[in-house]
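Asks: Modelling step: build the complete structure from the supplied sequences, incorporating the hints.
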Amino acid sequence: MDVNKIHRSPVMSHRFRSRHKTYFFDVYENKNGNHYLKLTQSIRDINSTAENPQYFSENLHIYEDSIYEFYQHFKEVIRLIEQKIIIIHL
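Following the working numbering from start to finish, the sequence shown increments by one per residue and tops out at 82.
In short, the hints are calculated from the structure, not lab data.
There may be inaccurate statements among the hints.
[What the hints assert, rightly or not] Straight-line alpha carbon distances no greater than 30 Å define the calculated BS3-like cross-link-like pairs of lysine-lysine that follow: (1) Lys30 - Lys76; (2) Lys30 - Lys67; (3) Lys13 - Lys76; (4) Lys13 - Lys30; (5) Lys76 - Lys23.
[Said to hold, decoys possible] Restraint-style ranges between C-beta atoms, simulated for each label pair: (6) Thr41 - Ile70: 34 to 42 Å; (7) Thr41 - Ile73: 30 to 38 Å; (8) Lys13 - Val69: 12 to 20 Å; (9) Thr41 - Arg0: 28 to 36 Å; (10) Ala42 - Phe62: 30 to 38 Å; (11) Ile73 - Lys23: 19 to 27 Å; (12) Glu50 - Arg0: 17 to 25 Å; (13) Ser40 - Leu72: 30 to 38 Å; (14) Asn44 - Phe16: 16 to 24 Å; (15) Ile35 - Phe66: 28 to 36 Å; (16) Ile35 - Ile70: 15 to 23 Å; (17) Glu68 - Ala42: 35 to 43 Å; (18) Glu61 - Ser40: 36 to 44 Å; (19) Asn26 - Lys76: 36 to 44 Å.
Every residue gets a Cβ at the ideal spot worked out from N, C-alpha and C, and that includes glycine.
Replies: Written as structure tokens, this is what we have:
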């Protein structure tokens, strides 16, 4: 790890839980003053014990210059799911 690297705290943070998963929505400001959204999915290993829970996480960064387009596509996906237009084939 770079000793000159500064750990930045989120400017804004929200979290919610769903079963054995926790979702984090964190907004950060980079060194240039631009913002980005960091989406994190933290998943509890279903084989771990209550005494020793094990987690792994996945991250997605959405940068300021793309966030509006991301939002538009996300809204469209939600609309399609709500209207049950999307059929999921397993």
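Asks: Any of the earlier hints contradicted here, and which numbers?
Replies: Going through the list in order, the structure violates hints 5, 11 and 15 and respects the others.
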